[in-house]
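Spelled out from the first residue to the last, the chains are:
Number of protein chains: 4
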Amino acid sequence: MPIPPKTLHFLKKLKAKAEPSAIAARLTPRAGAPAPLMTLPKPSAAAINRIWARMTKAGVPETARVELADERTLSEAETYAGNIENMIGTVKVPVGVVGPLRVNGVFAHDDYFVPLATTEAALVASYARGAKAVGRSGGVSVATLGEGVLRTPAFRFASIAEAGLFVNWVVSSAEALISAAEATTSHGKLLSIDPVIDGEIVFLMCRYETGDAAGQNMVTFATEALCAHALDQSPVQPRSWFLEANFSGDKKASFLGTMLGRGRRVTAQVDMPREVVETTLGASIDEILEYGRIANLGALMTGQVGAQAHFANGLAALYLATGQDVACVAESAVGFTRMERSATGLLVTVTLPNLILGTVGGGTGLPSQAAGLDVLGLKGTGHAPALAEVAAALCLCGELSLTAAVAGGQFGSAHKRLARGSKT
Amino acid sequence: MPIPPKTLHFLKKLKAKAEPSAIAARLTPRAGAPAPLMTLPKPSAAAINRIWARMTKAGVPETARVELADERTLSEAETYAGNIENMIGTVKVPVGVVGPLRVNGVFAHDDYFVPLATTEAALVASYARGAKAVGRSGGVSVATLGEGVLRTPAFRFASIAEAGLFVNWVVSSAEALISAAEATTSHGKLLSIDPVIDGEIVFLMCRYETGDAAGQNMVTFATEALCAHALDQSPVQPRSWFLEANFSGDKKASFLGTMLGRGRRVTAQVDMPREVVETTLGASIDEILEYGRIANLGALMTGQVGAQAHFANGLAALYLATGQDVACVAESAVGFTRMERSATGLLVTVTLPNLILGTVGGGTGLPSQAAGLDVLGLKGTGHAPALAEVAAALCLCGELSLTAAVAGGQFGSAHKRLARGSKT
Amino acid sequence: MPIPPKTLHFLKKLKAKAEPSAIAARLTPRAGAPAPLMTLPKPSAAAINRIWARMTKAGVPETARVELADERTLSEAETYAGNIENMIGTVKVPVGVVGPLRVNGVFAHDDYFVPLATTEAALVASYARGAKAVGRSGGVSVATLGEGVLRTPAFRFASIAEAGLFVNWVVSSAEALISAAEATTSHGKLLSIDPVIDGEIVFLMCRYETGDAAGQNMVTFATEALCAHALDQSPVQPRSWFLEANFSGDKKASFLGTMLGRGRRVTAQVDMPREVVETTLGASIDEILEYGRIANLGALMTGQVGAQAHFANGLAALYLATGQDVACVAESAVGFTRMERSATGLLVTVTLPNLILGTVGGGTGLPSQAAGLDVLGLKGTGHAPALAEVAAALCLCGELSLTAAVAGGQFGSAHKRLARGSKT
Amino acid sequence: MPIPPKTLHFLKKLKAKAEPSAIAARLTPRAGAPAPLMTLPKPSAAAINRIWARMTKAGVPETARVELADERTLSEAETYAGNIENMIGTVKVPVGVVGPLRVNGVFAHDDYFVPLATTEAALVASYARGAKAVGRSGGVSVATLGEGVLRTPAFRFASIAEAGLFVNWVVSSAEALISAAEATTSHGKLLSIDPVIDGEIVFLMCRYETGDAAGQNMVTFATEALCAHALDQSPVQPRSWFLEANFSGDKKASFLGTMLGRGRRVTAQVDMPREVVETTLGASIDEILEYGRIANLGALMTGQVGAQAHFANGLAALYLATGQDVACVAESAVGFTRMERSATGLLVTVTLPNLILGTVGGGTGLPSQAAGLDVLGLKGTGHAPALAEVAAALCLCGELSLTAAVAGGQFGSAHKRLARGSKT
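Protein chains in written order, with the working numbering: chain A, 1 to 424; chain B, 1 to 424; chain C, 1 to 424; chain D, 1 to 424.
Just so you know, these hints were derived from the structure itself, not from any lab.
Just so you know, even glycine gets a beta-carbon here, dropped at the ideal spot from N, CA and C.
Certain hints may be false.
[To be verified] Partial selection, computed: residues in chain C whose CB lies under 10 Å from chain D: (1) K6; (2) V66; (3) E85; (4) V95; (5) R239; (6) R274.
[Claimed, not checked] Here are the computed lysine to aspartate or glutamate pairs in the EDC-like style, where the Cα-Cα straight-line distance is at most 20 Å: (7) K57/A <-> D110/B; (8) K12/B <-> D111/A; (9) K15/C <-> D232/D; (10) K189/C <-> E209/C.
Construct all of the structure, not just a fragment, from the sequences and the given hints.
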């Protein structure tokens, strides 16, 4: 049969449900949608209750309300102002802890308890195993290699010629553009402006240092001011312009971010004695290297951005436990893992080029999220560089543990043991 | 100066901190790491307190304990068994709601209140605005196009010739391999086996239907059985083999997933009247299309996987509110957004090829997460296909709202208004 | 300075040439272009002379005419009918030969003299060195793993629902569609039809076997007939449709081609004794493996499609010498090279997933190109599968030789020795 | 059946050929390969005849010799010294001409006859059609946006710390490193050094201006000297180092090249009146834009590097006719094509970020290749920038013509008309 099996199977399943024409009919727009909720920007017990009244009427069960809009959440509702709209409660995500994780970094140089929020069995146990092996090897060496959040406006001109004249003006006006941008922020610095032309369109890649904040809003406001200055002063005027041209890698995996770095670029390494590998990780160096070679080929053959095993697991859990923007996992969880034989035993290296995170701003000041930073000892001003290095060290632990589990044949069994009942 | 500005800047900053040799010295491994925490797989108040005792001694402040290990969390600790190890409490993430979102889907056909857990200002408001515009347009048409979670073991043989003989055996033994795999699961089905050879290595791309579960564990256990059968029966034996060859796109953006689909592949569309675009979204169709063209070029020039604005924001918030594995955002938040002029006004289409989600298993049964599914009316068996369609409809709302905000020049101001104070 | 050095430098250079406004003015359209040449589809001495008359008048020197439109070319001009329009002569590309290259393949099983047309010093010598090392190792094992040229039409419908109904019709009409396609060709077979939906658009990935021809035209004509049948018979009609949707990977590097294969997918391998590596290639196995690890990281960090050293060099030269479509190098020169330690010494593997080539059709029948196939012993019907295997074996030789050159520190010196004078 | 149709089909075909075990046996290494040809670096009639004597003995037919080693080739054999080894003759590739192509560029500002060497029917005719349409629109506006060939050595140190110290030394020694590099060349300039760290490995992206040469050898020799200086002077010494780390995008499609540019980056544009589109190209603007949207989606869905139709066709033909390194098509034939509606009619833009080409060195001085440059009026010193702009203008013509052909439904028929007989 010349049709792929998955297509045949899915069509059969759909047809078992209804006639094709009936299915098609279900997709037709229907007028008369119910009135949308008013957007309530300020959370409060009253506002929460108002929304629940509407949802209850629509049939959402009372049990849901009890779990989301519990007493404590209602009493602290105002705390969440500036972090959420249309608030109806809180979701409680269990937090496990890993460590102490010994980090020998430029900015992070301590033994850290690392809080991880997740609902996935075996995740914390796996990272803990990696951290244990790392501790027995003297800790993880980590270095930040650069930083800089991008925001990239675009300007469309009448012609290539005008685009060129604009770039010429930008280059000669760089200092003034920087002043305009930096006037909007007390912590941000505009490090560089890189103009990229495609025909009559000019992109300006603006790279900022954002202090201890993740900085996504900071770079937006600063770039808005930069654009305003350019529009005010440039001798050539664009036909249209946009504050962000989908050119920064914001919240998505891209080769630009992976190559040039967005957020902090951090590299981490451990040189692990053979005995630690074998006893703590339960696989031989030969097995791990054999798996490493095949996993690298897998990454290449499937067109991954970078090549690594599961940065996303550790990062998502750390981001969640410390009030980061979890959506940034889409861009931060890319990078490179290498495993090689060394004189000592096994040399493991990870590099994460796009760590978007902070210790001030965003969700970092919320009660339980600030507590997460407190577990690390990294709450507030001055700690973002260390948090980035801890994140990279953590990812290294995860790569080590998962790789050893697959290499040593424990991958299936570990999940079976730690997951809740036989759920498959 | 022939060195890039960002490099010069960062080096200067490092040197301001310490001498290069002193920085280098900080990276040296240090023996004598503190004993790691024992891994405690079963959460309970006692276990939580035991870990806190250790952390408190190490200096973690009592305030952190109060926020994470609150009364309610301690009393419900056992509930989290099978979802976390080394539990120390819960992080409380505020949940906002969007809707009712009118969805005209094959599986989802209703008006949905959609819970979104996030700490990022403006996110809920933005999706709410999109949902409102969609409601005024008759809702979102959505269709699931396919499904199938991948697990891909690898087998290394002595030679290309043996690899070929193994593939020949696999093809002739497909039915027996499927039986072996399916014996491990009551809900999973193995839809297809696609052998890929590179030299002496054979990858078997196994695609499963996983019922209402996200299915990552299910496909692991089933593939483990399939491999056991192959190792037992195949006339040619591999020199090494691995249950997963980093070839499935699991927890990372890859072109394989984007092309072939991992999890559910869903497409969603709305044909929005001009008047709705202008009044609800605050931008003209011309402005939106102009931005769309530039944003598409941005996606291409920066090497995105797919081309879209911010699927990650909506997906991460929905996943978190409904007990999904948030790390899967790394793979699920890829896809395609198109905006085109239509006779009605603006035709907007999104396609998400990799939706990994479920309504049973994982974190979906936890108290507040199950409540999130209850808000949607999609808790438990039979609802995963609808949840996937709601997710795609939600992403469409977000694409619409963000695109209109950038196109209409409201992007910076909306964030300024809704974020907490002047934090930059 | 916040502007990248390369940008500053280039702007300075431009300004040294002229004022920015003067440069901008040069880009303005100018009316009154000279009349274009008439397109002359049939080459002949008379037609060639006619074009030269026009060019000579426009100032093209007589010396150019002598070199391109030499006696022999003029006398054989008609031979080139169906391969060129507006013919003005021939360019003479020097051909070197490599071998005999011992190939132990499924289809190619012999010792081959391999003709390579190139103007780049050291290329032939480098491949020759690889072939020599391979010969001393018993030859290259090669296997074709699959074949199938893609052509992918697209159909846009009024809605997702109609797109779905069309796919349903296509699946149920597959046999008739295949008959329609295959009626246009005596050698082509339509192997599979894979429908891909994005919103209201349907792509049909049609995969063909093309016999001994490269097949680009064959699949175009067959798919045109398939589309005509669909348009004639389908109960739902598209609003627009296109014979090729830029969805086949035709003449460009793509992850689709690299993953799914376009043209022939071939893998080749040699297990080379340590002594051969060291004496023939001039580098130790340790050096080669060390370089291999770094080169692999380089491929990943720079976002290559696949990971290899220079397939393009060997393929372009072979394609040119045997009348292939050299533009296909853009898609064929992707793939994977692996180097690993083995019991014997060094195991080297290459896989090329997209070999577009043939031994009939295109330029393969032209006098000197057919001679190139004759050197290989692979002219005409029945030889395309062997040619593909020879191509892969050749690429392996090149990977081996270049890798050893870089690893052993001979890379610069080899080029210095063989290039023409000191030209830099 | 759970196995993909293409796999089933291919296995069946193989089995029709022989038993699996017999096929497997064919791949076994065989000792006793015939002695390889001695490598003859200096072409001459005698050397050519010597190789033919060997090949003739091995059964290569005399007819092949006559075509490749013709009188003229034998008499001019020495001309090819420094461009080929083991020379056995020349392959004659037919050259067609397109134009005059009106180019309004920064460096190219004239009406050009453009020679294209190809064996593919319809290629020259298609580009000629595009050139005609362009001429009727006032010509193509073109601008070079930057230049710079990369060479990227790698250095592996004992640790991250040492890697950092090396980068610190490189930055402080940049001027001396540049002097060392530039001492090797009279025309090359080292524009920038961009250090990239991954763990203990340092890559130095060295970007050179290469004057009128393509420059691949120039940058190799210069970087060799730079490395020698670094090894001599650096206070930290690498454990291993390599002159090129597969990090430059040399001869392959990569996102690095597409983003940062390798070779010359050129953009070209035409704003074509509606009437010209319709009468010269035979498709309406609506049809072309409709196709453009779908082709763009095709590029994204299949993971192209960039998004364009067939740069490779025009570039390969121009490179071949002018003595460029045709293998560079693998890297040069990437980029971006945009088609949009304008006040005039249709705005078409192409950008090619990686044009590797020259007017001196390589094959540009060979008799018929120099003649190709003479047809353009761009032979020798001072003309490389113009050649790059002509190349981009040419690619624009091809994009226009092919897109219109597919959009207007002439794609299949044009190939049928111009190809040689019914060859499918």
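Do the hints match the structure? See the list:
The beta carbon of K6/C comes within 5 Å of a beta carbon in chain D, closer than 10 Å, and the hint placing it at the interface holds. The criterion of a C-beta within 10 Å of any C-beta in chain D is met by V66/C, whose closest approach is roughly 8 Å, and the hint holds. The criterion of a C-beta within 10 Å of any C-beta in chain D is met by E85/C, whose closest approach is roughly 4 Å, and the hint holds. Hint status for V95/C: holds, given a least beta-carbon distance of 5 Å to chain D, under 10 Å.
Annotation: interface hint on R239/C holds; nearest CB of chain D at approximately 9 Å, less than 10 Å. Hint status for R274/C relative to chain D: violated, with the closest Cβ pair at about 15 Å, above 10 Å. Between K57/A and D110/B, the direct Cα distance comes to roughly 16 Å. Compliance with the 20 Å bound is thereby established for this hinted pair. Among the hinted pairs, K12/B with D111/A is inconsistent with the structure: their alpha-carbon atoms are about 28 Å apart, more than 20 Å.
With a C-alpha separation of about 38 Å, the suggested pairing of K15/C with D232/D is violated against the 20 Å cut-off. The hinted pair formed by K189/C and E209/C meets the criterion: a straight-line CA distance of about 5 Å does not exceed 20 Å.
Of the numbered hints listed earlier, those contradicted by the structure are 6, 8 and 9.
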